[in-house]
Each structure stands twice: as C-alpha cells, then as structure tokens.
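Using the sequences and the hints, build the whole thing.
Here the protein sequences come in this chain order: A and B. Going by the working numbering, the first residue of the first sequence is number 1, and it counts up by one from there. Going by the working numbering, the first residue of the second sequence is number 1, and it counts up by one from there.
Treat the hints with care, as some may be off.
Claimed, not checked - When the alpha-carbon atoms are kept at most 27 Å apart in a straight line, the in silico BS3-like pairs for lysine-lysine are as follows:
(1) B:Lys-357 to A:Lys-315
(2) B:Lys-24 to A:Lys-259
(3) A:Lys-77 to A:Lys-172
(4) B:Lys-24 to A:Lys-315
(5) B:Lys-160 to A:Lys-315
(6) B:Lys-393 to A:Lys-286
(7) B:Lys-357 to A:Lys-259
(8) B:Lys-393 to A:Lys-245
(9) A:Lys-77 to A:Lys-245
(10) A:Lys-422 to A:Lys-410
(11) A:Lys-398 to B:Lys-393
(12) A:Lys-257 to B:Lys-24
(13) A:Lys-253 to B:Lys-393
As the list claims (entries may be wrong) - Okay, the calculated beta carbon distance ranges per label pair:
(14) B:Asn-213 to A:Lys-66: 29 to 39 Å
(15) A:Lys-423 to B:Arg-35: 48 to 58 Å
(16) B:Arg-212 to A:Thr-64: 52 to 62 Å
(17) A:Asp-380 to B:Arg-35: 45 to 55 Å
(18) B:Arg-29 to A:Lys-423: 51 to 61 Å
(19) B:Gly-176 to A:Asp-380: 50 to 60 Å
Hints listed in this document are in silico derivations from the structure and should not be mistaken for laboratory results. Bear in mind that the values here come from a model prediction, so they are computed numbers and not experimental data. Don't be surprised by glycine CBs; every beta carbon is placed ideally from N, CA and C.
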Amino acid sequence: MKVLMLGWEFPPFISGGLGTVCHALTHVLTELGTEVLFVLPKVYGEKEHHDKLELLGANEVLLTKKTRRFKKNVSEKTLTVLEVDSFLEPYQTELSYDQKVTKYTEKLDVLKELQEDITLGRFEFSGGYGKNLIHEVARYALIGVVLARNEAFDVIHAHDWMTFPAAVEAKKISGKPLICHVHATEFDRTGDNPNHEIARIEKYGLEEADRIIAVSQRTKDALIHKYGIDEKKIFVVYNAVSKEKQIEREHIKRNLKEKIVLFMGRITLQKGPDYFVEAARLVLEKMDNVRFVMAGVGDMFNRLVERVAQCRMQKNFHFTGFLHGREVEEMFAMSDIYVMPSVSEPFGLTPFEAMLYHVPAIISKQSGVAEVFENAVKVDFWDIQKLADSIIDILTDKEKAERMVREGGKELDKISWNLAGKKIIDHYHQMVGS
Amino acid sequence: MISVCFYFQVHQPFRLRQDYNFFKIGEDRDYEDARLNREIVRKVAEKCYLPTNALMLDLIRRFNGEFKISYSISGVALEQFELFAPDVLQTFRELVDTGCVELINETYYHSLSFLFSKTEFKAQVEAHREKLKYLFGYTPKTFRNTELIYNNDLAREIEKMGYDAILAEGADQILGWRSPNYVYLPTPAYKLKLLLKNYRLSDDMAFRFSDRNWLDFPLDSEKYARWMHAVAGNGEVINLFMDYETFGEHQWADTGIFDFMNHLPAAILRHPDFCFKTPSEIAATHQPLAKIDCPYFVSWADLERDTTAWLGNSMQDSAAEYLYSLEEEMRATGDINLIHTWRKLQTSDHFYYMCTKWFSDGDVHKYFNPYPTPHSAYVTYVNVLNDMSECLKRRRG
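Given below as structure tokens:
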C-alpha cells in the first residue's frame, strides 16, 4: 500500500496543530507498513527519511513548458473553483492587524499571474498562510497533476482545504481513490464568518472525495450541515496525542506558591481567550492565591492586556508571549488547571497534552475533544460563571483534582496514534477494494 | 535688563530587560538590561554629553562669566555616569567648578512620586540633594519636578522645603493671556519664585530646529537672537528649558545645532539690555509680577501639557497603583538595596513606554521606546513588580 499524502505543514515547519498531527499520523502509518510519499509546499531544514517515508517539497518538482500551463493541465472544474479575485487571509495571526492595514484589494488574475511566475522549471513556494496563499494553492494543484502522472500510488490522502485542489487533480488523472482529512473547517477558523472563496474550495474537495475523515463528530456534523456532504462517506477518527516528554511534573521547580491556571494557544477569537480573562476576574473576586497565565500570541493580545490592566488583575494574571519547545513543557508542568475555552475547536489536542503533565482540564463543550475526554470538566465557552466556579472547585477540592488526573491518565493510556492509524489503513484497504 | 535663563535636563532611565518573563518571577532579581543601558549612555555620551559639555565649557570661558547655564541631572542619570561614563561626570564637574553653572534639585529617580506619595517624594528629593553634594559639593536652591509636572500643591510643598525658585511649563492653560517672560508667584506661596518656560522659543530650538517644513527653517543664531531681542520692553526673563540631548541626539550634529549654540551667546549679548542668569540668580534679582494659580497638573510633555503621557490609560494606572501599593512594606524592610531597586521602577520613562496616545500614528516618541509596543512594556514591567512583591512576601515568611 502506497499513499500519496498531500499536506501543508510538517515539522519543523508548523504554525498550528496541523503539522504536529500530520507528523504523528505519518509515522504511525509507516510503522504499520504503509509507504507514504508526503508532499508539502516546501521542505525546511533537513529532510526526514526512512525506507517507508519520502518527504517531497512541491518547490522541487520539475515542470516542463507544457506542464506549467494551467489551462492545458488542470481540469475545468478545479480552475473555476480557483478563480478568485480577492485578497485571502484565512488565518488570524499576530501579524494580521498590520497585514490588514496594508491590505490591497486590487483584483488578482491568479492564473495569468502564475503562468509567468516560474524560475528554473520550478514553482516557488513559501508554504505559509500569507497573502499569496491562493497562488500557492493553485500552484500546488498543478503539482498534483504532475505527481499523478509521474508517481505510483494506491490512494490519495489530503489534509485540509489548501491541498484539496491538488488532490482532486491527482485523483482525476490517476483514477485512484481520494480520502480528504478535515482537521478544521473554514467555519471553525473564522467563528462562523467564512471566507466564501475558501469555503468554495473546501466544499469542492469534499464533494469530490471518496471518503472523508473528520477529527470529531462535531466536525462531521459541520460538514453535513454547512456543506451538505453525504454523511455515509464521512468517518470520525479522533486524534491521539504524542506522549513524548522531557519534563516531569515532579521535577519542575516552582518559583511561585500560588496555584496556576493556564491558557495556552493562539490568542485569537477561535480560541476564546477573552472568556478566560473574564472567568479569571470572577475567580479573583473570591480567592487570591491563584495566578492565571496566558501563553501565546495573536491579534487579541493587546486588547486582553488592556482588559487585564483595566480589571486590575496585574498581580494575578500573566502573559508569557510565544513559548518554545521546552518552555511549553515547563508551563504545562507548572500548572494546576488547563483551560481550553475555544469557541469552536474541531478537535483540540492540548487538554490531553496537559494530562501528560498531570494537569486537569476544563474544556469548552464546543470542542471535538469534549466528545472523547470523559474526565475533563466541560462548560459552554460563553458561560464564564460556570467556568469560574469550575476553576474554584478544582483548586479547592484536592480530591477532585487528583481523581481527574488519575482517571484522565487512564484515558490517556488508552488513546494512541496506533489505533487511529489502523482505522485509517482500514479505510485505505476498503477504498482500493483489497 | 532681560535675563536669559538656560536650563537643560539630563536624564537616562535604567531600562528593564525585555526578556524578564513569567518564568523569572520569584527566581531572578536581575531586572535591568545593563548592556543596553551602557550602550545607550555611551552612545549619548559620545554624541551629546561630551561634545556639548566641551562647547559649554568653552563658551563659559570665552565670555568670562557672562554666559551662564543650569542643569538638572537626574540621580539615575548620575548613577549611570558613575557606572558607564565617568568622563561625562568629570566634565560636568569642570562645568560646575566655573561658578557659572547652577545645579537644580529634582527627584533622584525622575519619578512621578509627588502624584502618589509625599513621603516618597521628599525622600527622593533629599536623595538627589545628597547626591549633588557628594558628587559636586553643591547645594541646590532651585527645584524642578519630573517633566516639569507642577501644580499649587507642589509649589506649597517646595516653599516649605526652603527653595528659592521652582520651574514649570509656561502652559497656555495656566498663563492664559499672560506672558511667560516674567517671574511669577505661585498662588499658595509667599516668596517662592515661579519661572515659566517660554515654550515657543524653547521648542524652536529643541524641536523645530531641523524641521524642513518649518517656515523659519533654517534657523541661525542671528535670527533667533532677533526674536529674543524683540522681548525687550515687554518682558524681564526668557526661560529656555529643554532636554540636554537636544544637542547631538534629538538634533544631530549635522543639523548644525552645535554651531548654532556656539554663536548664540554672542548674538544675544550684542543687545546691551540682555544678560544670562541662572534660576536662583533670577529669583534673587527679579520681583514677581503677579500670582499664578495652577490647581491642576501641568507638564512640558506633548501638546496636552498634562500628565497623560505617563498616566491615564489602564496599563499605566494599574502599573502605578501596583508600584505604590508596595510603598509602606518596602520602606519597612529598611533594606536600602531593595528600596533602591523599587525606586528605580518609579522612573517616569517606564510609564511613558506604556503610553498609547501616539502609538497608532508612528510618532517620533516611538524613537525613545525600547519596546515594540506599549503592551509589551506593560507586561515586562508588571512581571518585575510581581517579583518585587514576591521578595516582600518571602521576607514576611
């Protein structure tokens, strides 16, 4: 079994959870004997290589004069979906405010521009989510065509909308089955204010897919209700969590004696950081031997810093900025509660990550992980009173906190990428009819 | 006789380490970016302090006692000169030794303490006094508060503390139709002389000098002296108050600012009715023309000439509240090192960095802000305060 896997992120190049998940999944698939050709826009640093895995950057794929012509190579339907005329900005990052300021609105004739934009017989890719994202998605589609002609594989596996046009092209040329893996929908990313061009591309890929893997029931429901996709071809496969860690809770040095309640993630609308701040305010009205920590960056950072100042929480609320590798582990290991108040979270790995460091979690009901994580406290993201009460409850009820860690730990033991990998391999086999 | 009074402000804050993050709270007592502070002090020393001091010394000698100036050098600046620039300190000593230089008293820490704590304020004024005595053998008679922040209460306090004169901004909101070119009496005072900055003439030099869009660009010493001579007949003093860093730092050497200053005293003294005096000399020789009432705070900052550069947004206010909430416990420790560290956090610059007034329009003020945003300035500052607070908690046991 050989899989042509199309992705957008892969370590060390990751900007969200997608790269981490793709990495873990690819590894377990190859361990289970599946060959994977993993294609992403651009490979950074040293290429990971072993006999079952080949990592390929789309910027390395050679194009002839003939293959670089869109109209000759890409199917009519895909072309129509890709023809957009507005500036795209699908991810809210800390840069997005500045980007918005300098945002240009002139129409882009994507395809015409791309035709000329080639050096040494290769397309350039940045591989990020910048303002040329739609260009890169279109170029990537053409790479899909070339790969389908030159490579041998049994099934195509595509991660999120950026890779869908390429995947559809590869399917059309190779005749091999396509499995689309949805880690987040446009509706999750934007708090239900989708960019219509992205939604159109996403929908198109899903319609053309033979099977769809959704990371949660919540995501599956969204695909059915927002895009009208046939539910019979959507299957839920939950993410697992990588259990590698360098730091143990017992060994971490704690400088502060107060309990620590942690938010870690992008400080953007989707993640609900503002609800965390408001809940902190309510908790601090009742107790003061607690500190709240917000780790991460994002376009709501300044606003929330001002809000914390306005509420005079400066003695109990801290911002760490972006944390790297070991700091992330330290932060988890120092914490007493992890809060994930996401407004919309297709899955949400972090509560399980927190559990690795024996940190009980409070998570929003609007997350995919809430479907499987029994021993987390679940609240509606908007219910700041309930969130505050739950924080106080766990901080003051030692037994409860210990129980959550003990039982949650057992759940964690049962979750493995191995199981998720096996399920996916079953789908491959069913699709190719072997 | 019309007295021209130059007062130059010399100040450098102890800037904080921007990597002072959450993980360092309760762990790391080293708050300052010693390398950056040394770098800046050295840079400004080379560009401004050393060449300007040399120029001033030369002018004083050339004019045989007729050219006089005054300085207020904050305690934290003096301390950094001791650490990083003893050569600067040496040239200031030479200047003071000429007898043509007055040193003005301020709060050692260039702080906003008068707005928060009279006890703290007095302690810091005293500390600065001691420092001037120790370094220069000098006893000051004139006072100016941080950034010329001033009101009636301050005047009353300063008179009680025995000073002859106080400096303030000649702000429109307190002067109204009146001219800054006279000596005034603060409403609650009996004999304290109030010297008000002539902000038009001062800012022509300090801000507009190199502005190519200014109608009077380029400014030369003859033209400037002409404007000053025009005061003859309707004024008694011309108070030119500005940052010393105007020379070589705000106005770079290539703008011709040094050359301008070099020729200015001669141009001014060409008029027989003009002379140079220091603030305490003016206080001794001029009588106040009228009372000035100033119930609200004024300062020399921004167009607003109020305290909104340092206080008023939620970050500045919460940080200041936190800072001064530690006061009593801090003093009770009696630990001079700890108190000194805490007081250095009172330096007004820390609050200036959190100012959001000009952040959106990329104002020149950003030039003086080592932080990328006011918000990151706040986060760093509050982390440091949290650590100070931890220190106190641990002492309590």
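Status of each hint after checking the structure:
The straight-line distance between the Cα atoms of Lys-357 of chain B and Lys-315 of chain A is roughly 25 Å, inside the 27 Å bound, and the hint therefore holds. With a C-alpha separation of about 16 Å, the suggested pair Lys-24 of chain B and Lys-259 of chain A falls inside the 27 Å cut-off, and the hint holds. For the hint pairing Lys-77 of chain A with Lys-172 of chain A, the CA-to-CA distance comes to about 11 Å; that is within 27 Å, so the pair holds. A threshold of 27 Å between alpha carbons decides the hint, and for Lys-24 of chain B with Lys-315 of chain A the separation of about 15 Å falls inside it, so the pair holds.
In summary, the hint linking Lys-160 of chain B to Lys-315 of chain A is not supported, as the alpha carbons are separated by about 37 Å, beyond the 27 Å threshold. Note on Lys-393 of chain B and Lys-286 of chain A: the hinted pairing holds, with a Cα-Cα distance of about 21 Å set against a maximum of 27 Å. At roughly 36 Å between alpha-carbon atoms, Lys-357 of chain B and Lys-259 of chain A are farther apart than 27 Å, so this suggested pair is violated. Distance hint between Lys-393 of chain B and Lys-245 of chain A is unfulfilled; the C-alpha atoms sit about 33 Å from each other, more than 27 Å.
The hinted pair formed by Lys-77 of chain A and Lys-245 of chain A fails the criterion: a straight-line CA distance of about 46 Å is larger than 27 Å. Simply put, Lys-422 of chain A and Lys-410 of chain A have alpha-carbon atoms about 21 Å apart, close enough for the 27 Å limit, and the pair holds. As the CA atoms of Lys-398 of chain A and Lys-393 of chain B are separated by approximately 25 Å, the hinted pair is consistent with the 27 Å bound. With a C-alpha separation of about 14 Å, the suggested pair Lys-257 of chain A and Lys-24 of chain B falls inside the 27 Å cut-off, and the hint holds.
A hinted pair counts as satisfied when its Cα atoms are at most 27 Å apart, and Lys-253 of chain A with Lys-393 of chain B qualifies at roughly 18 Å. Against the hinted window of 29 to 39 Å, the Cβ-Cβ separation of Asn-213 of chain B and Lys-66 of chain A comes to about 58 Å, which falls outside the hint. Distance hint for Lys-423 of chain A and Arg-35 of chain B: a CB-CB separation of about 55 Å, consistent with the stated range 48 to 58 Å. Checking the proposed 52 to 62 Å range against Arg-212 of chain B and Thr-64 of chain A shows it holds: the Cβ atoms sit about 56 Å from each other.
The given range of 45 to 55 Å is respected by Asp-380 of chain A and Arg-35 of chain B, whose C-beta atoms sit roughly 49 Å from each other. Look at Arg-29 of chain B against Lys-423 of chain A: about 53 Å separates their beta carbons, and that is inside 51 to 61 Å. With their beta carbons about 59 Å apart, Gly-176 of chain B and Asp-380 of chain A fall inside the hinted range of 50 to 60 Å.
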